[in-house]
Every structure is written in C-alpha cells, then in structure tokens.
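Asks: Assemble chain B onto chain A, guided by the hints.
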Amino acid sequence: MITNRIKSLRFAADQMSQQALADEVGVTRQTINAIEGDKYSPSLEVAFRIAAVFGASLDDVFDWEPD
Amino acid sequence: MANLSYQEKNIWGSLIALSAGAFWFLSDAIPAYVAGTPLPPERLAPWIFAIFLMVLAIELAYHVTLSFCARRDRRDERDALIEAKAGRNGYYVLGGGLVGLGFHLAIWQLIGADPARNLSFGIVAIVTLLILAESSHLVSKLVYYRRGV
Numbered sequence: 055m056i057t058n059r060i061k062s063l064r065f066a067a068d069q070m071s072q073q074a075l076a077d078e079v080g081v082t083r084q085t086i087n088a089i090e091g092d093k094y095s096p097s098l099e100v101a102f103r104i105a106a107v108f109g110a111s112l113d114d115v116f117d118w119e120p121d
Numbered sequence: 045m046a047n048l049s050y051q052e053k054n055i056w057g058s059l060i061a062l063s064a065g066a067f068w069f070l071s072d073a074i075p076a077y078v079a080g081t082p083l084p085p086e087r088l089a090p091w092i093f094a095i096f097l098m099v100l101a102i103e104l105a106y107h108v109t110l111s112f113c114a115r116r117d118r119r120d121e122r123d124a125l126i127e128a129k130a131g132r133n134g135y136y137v138l139g140g141g142l143v144g145l146g147f148h149l150a151i152w153q154l155i156g157a158d159p160a161r162n163l164s165f166g167i168v169a170i171v172t173l174l175i176l177a178e179s180s181h182l183v184s185k186l187v188y189y190r191r192g193v
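Line by line, the protein sequences are chains A and B.
For the first sequence, this note's numbering begins at 55 and goes up steadily by one.
For the second sequence, this note's numbering begins at 45 and goes up steadily by one.
Just chain B, same shape as in the assembly:
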C-alpha cells in the first residue's frame, strides 16, 4: 500500500466500497432470479437505495481517513488521460450492456412475458450493468497506473 500513489489508494477505496455493495446486491438478486422469485419493483427500489447509501458511507469514511493519513498529490495530465481512457472503457461496458438488455427486454415483450417480471429484471440488470461499468472503469484505471498509458 505504501508504494501506491494517492490516486491509486483512492481507486482501491472506491473498488472496495463497490465490491461490498455488489456482493450484497448480487448475492441476493441472482439467487432470487434463479429460484424464480424476483423481488417486485416496489421492494427493489428501497433495497437498492440502502445499498447505495452503504457504498457512499464506506467511500466517505475511506476517503476522509485517506486524506488525513496520506499526502495528497495534485492531479496532472497523466491522471486526466488515465481518467479519460478508463471512463471510456466503463462507457463501452455500460453502452454494450444496455443495447443487449434492450434487445432482451424487447424479445421478452414480443413473446408476451409477464410485464412486472420484465420490469423487475430490467431494474436488476441495469444495476448490475452499472456495477460492471464502474468496476471496469476502476480496474482500468489501476491497470493504466501500473502498466502505463
């Protein structure tokens, strides 16, 4: 950890918080789907909001602690380039996933699947895509910092 730059430590904090949220979400959402009993949309929203608050709390605690414990580096052109390239990777994952999800939901609609189940699946899929996009954004940043850009 001592060998990491301030930016890298920041990214690890975000990754840990996101992993905790993703674990909570996916460990409940996926088995519910596999079992054929997905949560209805009205129960999904508060649950997702609670996970979001938990991720926010972990991030906040980590970044406040880091700002006291580590020397803060200014951001320079390399940080901006890495942010841009990693952000692009995240958007590719999100964009590709949303297109795939759109097709999936359209086909379900055509074959007359239950609309409530469709909506529930759509919400879970979008949150999963957001998690994947943010993960690929953060992991890309770590790779670019370590292996060069």
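In isolation and in its complexed conformation, chain A is listed as follows:
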C-alpha cells in the first residue's frame, strides 16, 4: 500500500491549497484529494512532479508497505 505525507507538506509549505498544488502538478484538485486520501496511487511522473513542488525526494513524500 502506498501512503503519503502530502497534506503535512502542503501545510508546511505556507498552507498551500489542494488547488494550488494541483495547478503546479498539472492534475485536478480532485486527483490531489484522492491521492491524499490514499484512494488513488499516482503515476511515477505525477509522483515526481509532486515531490518536485515541495523540493523533496520521492521517499520524503511517499511510503510503500507490502500488503
């Protein structure tokens, strides 16, 4: 299962909104919301884009635990 720390990273980044992050990444706000809620695992490209917005590595944003 893939989990993430996007919500806390957004708040650390001057309380960035989901819409602002979505605009930076190039997806919809609903997709950011689904990723945050662990309802959707993004493609590798979107995962890298999200990490790049926060200036972090993939490991800092996403965690993977075997089922």
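Hints listed in this document are in silico derivations from the structure and should not be mistaken for laboratory results.
Source: prediction; values computed, not measured.
Wrong hints could be hidden among the right ones.
[Unchecked claim] Within a straight-line C-alpha distance of at most 25 Å, the following computed SDA-like cross-link-like pairs (lysine to any residue) qualify:
hint, chain 1, residue 1, chain 2, residue 2
1, B, Lys53, A, Gly91
2, A, Lys93, B, Asn47
3, A, Lys93, B, Gly134
4, B, Lys53, B, Leu186
5, B, Lys129, A, Glu99
6, A, Lys61, A, Ala105
7, A, Lys93, B, Val187
8, B, Lys129, A, Gly80
9, B, Lys53, B, Cys113
10, B, Lys129, A, Asp92
11, B, Lys53, B, Leu174
12, B, Lys53, A, Gln73
13, A, Lys93, A, Asp77
14, B, Lys129, A, Ala101
15, A, Lys61, A, Phe108
16, A, Lys61, B, Arg119
17, A, Lys93, B, Val183
18, B, Lys129, A, Trp118
19, B, Lys129, A, Asp121
20, B, Lys129, B, Ala61
21, A, Lys93, A, Asp117
22, A, Lys61, B, Glu52
23, B, Lys53, B, Arg132
24, B, Lys129, A, Arg83
25, B, Lys53, B, His107
26, A, Lys93, B, Leu59
27, A, Lys93, B, Glu121
Replies: Structure of chain B alone, referenced to chain A:
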C-alpha cells in the same frame, strides 16, 4: 451537487438522460412482450430512433447548461484510468449479454420459433443490452470517483 467534480456532474447528466430513455423504452417494450404482442421490427426502428433523439436532446441541454454553470476541470491521468476501467465493465456487460442472446436466438431458431418474432426480440434485447452496458459504464465511473480506483 456542489461537492461533485465537473466529471461527476457530467456523468450524472448522462445517467439521467439514459434513465429517461430506458424508462420510456422498457416501460413499453417489456409489457408488450409479456402480453405476447411485441412491436414488429419496422415499427420498432422509428420508435428506438425517437428515444435516441430524446436522450441526445436531454444530454445536449444538460451539458450546455453545465458548461455555463460549472467550472470546467481538465481531464488528467486519474480520469483516463477511471474511464478505461469503467469502459471495460461496460464492455463485459455488453459482451456477456450478446453471447447469451446469441445462444438464446440460436435455440429459438432450432426449435422453429417465428423468425419475425425472433428478430423483434433480438432488436429489443440488443437495445436493452446497450442500455445496461452504458448504465454499468456510468455507474462504475461514479463508484470509482467516489470510492477510489
């Protein structure tokens, strides 16, 4: 409704239009079959075409209104994945139904049922299958948007 994304609102519009068409079609077609008086194929075609036009008109009116009233979201990879998975579900329903219908008609042919009645039944069954396939496609999309994919 305010909590729904643009894509979900779009799907609800299509579902409402399809439901209206399905209601018109099935509320006439099923009782006619049960009563043993199915419409002949030459009368079925214009009727189905009229229902198709009605569905198209409702969809068009809804989507034009929505495009003025709601902020249009761009489609992204999640939308594409949901479309693919929901489309697959719709094709399963259509494919499974067509195979079943094929067997059904072949057996009727073997036992020497009236060919005109067979054709009429086939047309009604295919339209019903199309309605079911599109319904499962749309409902799947709503479920994937709400519960995750």
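Asks: If a hint holds in the structure, say so; if it does not, say that too.
Replies: Hint by hint, here is what the structure shows:
Of the supplied pair hints, the one linking Lys53 (chain B) and Gly91 (chain A) holds, its CA atoms being roughly 21 Å apart against a limit of 25 Å. A hinted pair counts as satisfied when its Cα atoms are at most 25 Å apart, and Lys93 (chain A) with Asn47 (chain B) qualifies at roughly 17 Å. Between the alpha carbons of Lys93 (chain A) and Gly134 (chain B) the distance comes to roughly 22 Å, so the proposed pair stays at or under 25 Å and holds. At most 25 Å may separate the alpha-carbon atoms for a hinted pair to count; Lys53 (chain B) and Leu186 (chain B) meet this at roughly 10 Å.
Restraint check: the Cα-Cα separation between Lys129 (chain B) and Glu99 (chain A) comes to about 20 Å, which is no more than 25 Å; the hinted pair holds. Distance hint between Lys61 (chain A) and Ala105 (chain A) is fulfilled; the C-alpha atoms sit about 12 Å from each other, no more than 25 Å. A threshold of 25 Å between alpha carbons decides the hint, and for Lys93 (chain A) with Val187 (chain B) the separation of about 12 Å falls inside it, so the pair holds. Only pairs whose Cα atoms come within 25 Å are accepted, and Lys129 (chain B) paired with Gly80 (chain A) is accepted, the gap being roughly 22 Å.
With a C-alpha separation of about 11 Å, the suggested pair Lys53 (chain B) and Cys113 (chain B) falls inside the 25 Å cut-off, and the hint holds. A distance of roughly 18 Å separates the Cα atoms of Lys129 (chain B) and Asp92 (chain A); the hinted pair therefore holds under the 25 Å criterion. For the suggested pair Lys53 (chain B) and Leu174 (chain B), the alpha carbons sit about 22 Å apart, so the restraint of at most 25 Å is met. For the proposed pair Lys53 (chain B) and Gln73 (chain A), the alpha carbon gap of about 19 Å is at most 25 Å, so the pair holds.
With a CA separation close to 20 Å, the supplied pair Lys93 (chain A) and Asp77 (chain A) stays within the 25 Å bound. A C-alpha spacing of about 21 Å is found between Lys129 (chain B) and Ala101 (chain A), which places the hinted pair at or below 25 Å, so the restraint holds. A distance of roughly 11 Å separates the Cα atoms of Lys61 (chain A) and Phe108 (chain A); the hinted pair therefore holds under the 25 Å criterion. For the hint pairing Lys61 (chain A) with Arg119 (chain B), the CA-to-CA distance comes to about 23 Å; that is within 25 Å, so the pair holds.
The suggested pairing of Lys93 (chain A) with Val183 (chain B) holds, with an alpha-carbon distance near 18 Å, which does not exceed 25 Å. Of the supplied pair hints, the one linking Lys129 (chain B) and Trp118 (chain A) holds, its CA atoms being roughly 24 Å apart against a limit of 25 Å. Between the alpha carbons of Lys129 (chain B) and Asp121 (chain A) the distance comes to roughly 22 Å, so the proposed pair stays at or under 25 Å and holds. For the suggested pair Lys129 (chain B) and Ala61 (chain B), the alpha carbons sit about 22 Å apart, so the restraint of at most 25 Å is met.
Taking the CA atoms of Lys93 (chain A) and Asp117 (chain A), the gap is about 14 Å. The hint holds against a cut of 25 Å. Among the hinted pairs, Lys61 (chain A) with Glu52 (chain B) is consistent with the structure: their alpha-carbon atoms are about 24 Å apart, no more than 25 Å. In summary, the hint linking Lys53 (chain B) to Arg132 (chain B) is supported, as the alpha carbons are separated by about 21 Å, within the 25 Å threshold. Between the alpha carbons of Lys129 (chain B) and Arg83 (chain A) the distance comes to roughly 21 Å, so the proposed pair stays at or under 25 Å and holds.
For the hint linking Lys53 (chain B) to His107 (chain B), the alpha-carbon distance of about 9 Å falls within 25 Å, and the restraint holds. Of the supplied pair hints, the one linking Lys93 (chain A) and Leu59 (chain B) holds, its CA atoms being roughly 24 Å apart against a limit of 25 Å. In summary, the hint linking Lys93 (chain A) to Glu121 (chain B) is supported, as the alpha carbons are separated by about 14 Å, within the 25 Å threshold.
Every hint from the earlier list agrees with this structure, and none is contradicted.
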